[in-house]
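> Chain residues, written in single-letter form:
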Amino acid sequence: MNRMSEFVFVTAQYESGDWESAPLVPANVIDSIARYTEIPVAPVGRVVPLGSTELFRYPLVFLTGHLPVRFTSDERQTLSTYLARGGLLFVDDHNHDVDGMFHKTAVEELQRVAGPLVKLPKNHALYRSHFVFEDGPPNTSHELNGWGDNLLHPYLMGASRGERLSVLYSNKDYSSEWNFHPDNKRFYSVDNTRFAVNLVVYALTH
Amino acid sequence: MSTIAAVTTWQRRLAGVAVVNAVLLATGAGLTVFAVSRAAGLGFATVLGLLTAVVVMGVVLVRAFGKGFSVQQVALWLEERAPGLRYALVSALHDGPSSAWCAEQVARVPVDAAAWQGVRRALRWPGVVLALGAVSLLLPAAPQSGTRASSFPFSASPAAVLTPLRVRVTAPGYAKLPVRDLGDARQVRALAGSLVSIDGPVVDSLRDLVVSTEGASIPVRLDDGRWRVALTMDTVPRVIAMRHRREQRLLILEPVRDSAPVVTIDLPASDTVLRVAEGTLALRATALDDFGVREAWFEYIITSGEGERFTFRTARLPGGATGGRTSTSLSASLSLASLQLLPGDVMHVRALAEDGSTVHGPGRGASDTRSVRIARLGEYDSVAVDAAPPARADSALLSQRMIINLTEALVKRVARLTKPQLLAESGRLSRDQARLRKVVSDVVFSRLGDNPGGEHFHGDGHSHQESEPLARALTPEELLKAAERATDSRSEPLDFAHDETPVVAINRPLLEAYNAMWEAGRSLDAGEPRAALPPMYVALAAIQKARAAERLYLRGASPRVVIDLAKVRLQGKDRGRDALMPARTPRSADRAVLWQRLGQILQLESAAAAADSVLLLRIGILAEYPAPAAGLDSLAALLREGRDATLQVMRVRRALGGQRPVADSVAAWVIP
Amino acid sequence: MPLPTESRIRLEWGLRAAALGLLGVLAWRLDAPVVAPVLEAGARSLPSALAAATRTEPAALQLQLDSIPDAADREWIRALQRAGTPVRYSAQANGAPVMSVEPLARPGGEVRVTAFAAGATLSLSDDVGPLDDSVSSGGVRTLDAALSGGSQAATPRGVAKVAEVIASQQKAVLVLGRAGWDGKFVALALQEAGWHVESELRVNSATAGTAATVRSPGAQTRIDTARYAAVVLLDETTAARAASIQAFLAQGGGVVIAPDALSLASMARIAPAAAGAAQTGALGGVQSSSPLRGLDRQPLVSLRRDAVVLQRLGAEVIAAARREGVGRVVQLGVRDTWRWRMEGADGALEAHAAWWSQMVGAAAMPPAIGPALPADDPAPYSALVEAIGAPMTSLPSLPAAPTSRNLILLVAICGLLLVEVASRRLRGVS
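Protein chains in written order, with our numbering: chain A, 1 to 206; chain B, 1 to 672; chain C, 1 to 430.
Possibly wrong hints are sitting among the right ones.
What the hints assert, rightly or not - Here are the in silico distance ranges between beta carbons for each label pair: (1) B:A131 - C:S45: 49 to 55 angstroms; (2) B:D199 - C:P371: 54 to 60 angstroms; (3) B:Y87 - C:V429: 17 to 23 angstroms.
What the hints assert, rightly or not - Calculated Cβ distances over 10 angstroms to all of chain C for the following chain B residues: (4) A15; (5) V20; (6) F44; (7) L76; (8) W77; (9) V202; (10) S212; (11) S217; (12) L250; (13) S327; (14) V411; (15) D578; (16) R591; (17) A627.
Stated by the list, open to error - Taking lysine-lysine and the DSS-like style, the derived pairs with C-alpha atoms no more than 27 angstroms apart in a straight line are: (18) A:K122 - A:K104; (19) A:K119 - A:K104; (20) B:K573 - A:K185; (21) B:K567 - A:K185.
If you are wondering where the hints come from, they were derived from the structure by calculation, not from laboratory data. Yeah, the Cβ is synthetic: ideal placement off N, Cα and C, and Gly gets one too.
Chain A on its own, in the form it takes in the complex (with noise of 0.2 angstroms):
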């Protein structure tokens, strides 16, 4: 198996925000990678800036923050063209808070990259691409405890290229959920990281 094969996994490193918010999720989605699939992983993540042409060597791109987010005009140019040559990008708010700012300004910054974002059906195939989620994205522990808005996500939301995912979009505040170490699922009695796999398996397929 050569190198380039493998499957990185990447959090986007932006000017703006603070990127760095959900530093062990890496971690995690590469356990998770390992635990339930074949897939040739790298066993520690990469931070990629999002305005350097680094980010065309990895298709999937995780970005996350509480902060508002403004892109750069490298930023913003980088990214259009890496959307538009197949790649992905995943965008989680931290905040949990469709009033909040990080929702607020990614979302305007990714309408302006990538298009309008719209709801995902619940028989999307992202939900079934691995792991069979009935209900839609699963729901993380901050949501039922009522942090951020006080609101379910029933839904994520998406730009599409075609038939083609290009960002996903999500308000459920995954990076507080898968943000902690690997170690400690041994006391989940059901991963919640699972969704995770879905996702890249998704990237790596459609």
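On the provided structure of chain A, position chains B and C as indicated by the hints.
Frame of chain A, contents of chains B and C only:
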């Protein structure tokens, strides 16, 4: 006149009558055939008419003269018309002119009158045929192919209602564009929201006139006898179909979208980190719009908090009057003190502008965002200091220059000073140098942990290190290693020049400066200002080098967790399920369909119909295939003008990808 | 002064006798053998010459053809020949066009037009217009195009025509491999190039418990040529399909083998070459004008004798093909081509899709075509030789044919009879 002479005279007259008869019949038949053929739209109506006339004339003449035209026959014809002659003429011809009875009979009976009556009777039907031919000319001619109108004004010509049109475009008020008169246009490109007025020729009634778009009829009204339609340019292309009896005509409406303003922020020139929120931040931006900027302002968002708890404040700052100009500058100043920014707060500033579009709401453009961050106490996660108030690194740079100047001046005065004076002045410079060293050490050691600095400074001229390992003078290399160990636990560095970690790359010059300052300080403490100068120069150069170092966030040093893949793979029990994905259906095959459709269009007989169809095709593909669509526009124009469109067809073919480059060779691998 | 009646009667008898005499001469002349005309028949005069030959039934027909007659004229000449008129002709084979139009194993109904005309300018066109605006100075010309209607290759010496090729719809491509970027982007590229793509991408192997595979609905069925034109094998995870793929090849299908799939013994057996030493792509090469240099490669070595090189990169062979029975196998020597699409310079997306389409097209089973239509005339010179035999290098010179006087005789007879009738009529005798 003798009897025989009379018969001979009528022989000539009757030959003439036969010719006249033939001419009348031929003319009448020819005209009739011509008129009928023309009405049927036959292109050779004139030839057919002439041919008919010749044939009829020939047949009639042959029939008239084929039986012979002898004197005896003429005499018999006269006897038939004037029975009172009792065959006197025939007898006279037979017996000779000497017969008195015959002469008496001929003189007694009015032969001429009877004969003329017979002539008139014979010419009656040819006259009717001629009249019929003349009347048949009133039949209307069939319309010619193409857009040529009938040459008969009394015929009902459909083109008279839909041609010519007068198309007028009135742009939306905010665009401040003059009214455009496009004449008899077939395609209208105008700003979305424009009022498009279509005036037709004078009509008696609107009963048979239908104007519609996408199946929905558009109201038509009469204005000074002319029909008129008014509609608004949509944001998507529309085809206006006009129909009056048998004639149809299309008008393509193609909107031009008003682009949103383009905004560029000039000040702050880049992101900034401030030590304290003091002073005034100058804001400046430029906004451009194709029709005019209606409003422009600055917007800032202040984020406070840390971890999972953040609060946000947003506000707008007016950027000044725009005056509706297409290019405008915004400027404002923001008092940082009034914002009550706290350490750790981040302010995002950007400029926004809206145009005056009233069609679908104003178009809004935004500039890049600049962030201004207030550093937390003891936190230095950036060495970038641009625009805005100068940061400590710049202060250090100026102060180091000042200390060098003062030291150089002291060196010049050494000979005139006593030892105590020299030690006192040199000691003051040493304390200044120590302060600067403290600033640099803060920058370098701020990431070592909770301790913001590598040394503790009392300001009394005596300094000591808090940390025992740093108590002794470390070499720059030792300091670098210490900083790197404390800052970044990752073994794999970020990609950086010369395989250095960012910590090393940025800190190395500062640590060099730090070390040089130590040496300079020691010399100054010993009252040896001349010996202090070389390390001071080194420190100055090192600070300049650090200042030029690339700005980089270093806070992204997230905890490094390496997954033991082999171990984890053994733990996984749930292997997931098969999943179905839809087959990938091709898109570009549409191009082949488009090409075939274009081929069918180009084989239409009517150039006008082909041009209309090409325009319809163009509208259909405008969004998805803009390049071929542009080619189709030119193709339609060429077709309508009846010019050679071969090259343009080839261009469209290429744009549709329907042809690959020509090769002057045979492919090596041929299937099957 | 009018003639006396008796004189006129005698004159009329004289006229009748003269007419009869001339009629006899005419009959004698018609019965006499006709000297064969030499018909100098170019493109313009040939139809009239053939019409004349048909009317006059010459002893022989001799044609000097400066261009190749079309199918109708050829049939006419052959009909004259079969009706007993010997036909001799001379014609230049040089410059006579020959063309073929074959449906390509590509989406979008493209065909490959190949035309040949030695030493003549050659232009290709279809029912809509020219296919290219450059004028070839002769030789071979190959063009892949989507045509509208029939097509033709024209030279000053003649026109070769092929009626519209009606082909069946291009079948799908099946992409098999592991869930990964290459699988995703190969399928995406082929889709963008116009192929109907199905895929079966494995997340887990069947041996590790429950298999998890992301597949298109139809991909579970047997791999056969009724559904697929080609199969792309990306890696060794396709081992379970080996037998099915062998059967697919035997049916006439196509297989594209990526480097990582060559580790399967079944694929190595049918591959056009062996895999050479792995090479790392040049740094930054993906963004260069030769992006394949930036990709990791395993050049093809030890090519089989029946292998055809499809693409070289310098001295390296990176794509080759061979026939395996009635099927076709294409082997690739570059891996992780998705990097070309993602990291390449402007236009990389389209270039990547076109490259994969070309490689799959080289293996894929072409669509079936209907029977040739009567309008086909792909090789007019060959058809001419087949119809009326080989041309003569030089025609024998014949004496100039005497001017036919039959028409003059006929006119004279008519004139004599008219005068006779007129004389009688004016005399008053019917």
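> Decide, holds or violated, for the assertion that all CB atoms of chain C are farther than 10 angstroms from the CB of R591 of chain B.
violated (6 angstroms)
> At 10 angstroms, judged by beta carbons, does V411 of chain B keep clear of chain C as stated?
holds (52 angstroms)
> How does the Cβ-Cβ distance of Y87 of chain B and V429 of chain C compare with 17 to 23 angstroms: does it lie in that range?
holds (22 angstroms)
> Measuring Cβ to Cβ, find out whether V202 of chain B lies farther than 10 angstroms from everything in chain C.
At roughly 41 angstroms from the nearest Cβ of chain C, V202 of chain B sits farther out than 10 angstroms, so the non-interface label holds.
> Checking one constraint from the list: CA of K567 of chain B to CA of K185 of chain A, max 27 angstroms. Satisfied?
holds (14 angstroms)
> For S212 of chain B, is the shortest CB-to-CB distance to chain C above 10 angstroms, so the non-interface label stands?
holds (31 angstroms)
> Does F44 of chain B sit more than 10 angstroms from chain C, CB to CB?
holds (23 angstroms)
> Could you let me know if the closest chain C CB is still more than 10 angstroms away from the CB of A15 of chain B?
Check passes; 13 angstroms lies beyond 10 angstroms.
> Does V20 of chain B sit more than 10 angstroms from chain C, CB to CB?
holds (21 angstroms)
> Please verify that the nearest CB of chain C lies beyond 10 angstroms from S327 of chain B's CB.
S327 of chain B is indeed farther than 10 angstroms from all Cβ atoms of chain C, at 30 angstroms.
> Is the claim that L250 of chain B lies outside the interface with chain C correct, judged by CB distances over 10 angstroms?
L250 of chain B is indeed farther than 10 angstroms from all Cβ atoms of chain C, at 22 angstroms.
> Does the beta carbon distance between A131 of chain B and S45 of chain C stay inside 49 to 55 angstroms, or does it fall outside?
holds (50 angstroms)
Violated hints, listed in ascending order, are 15, 16; each of the other numbered hints is respected by the structure.
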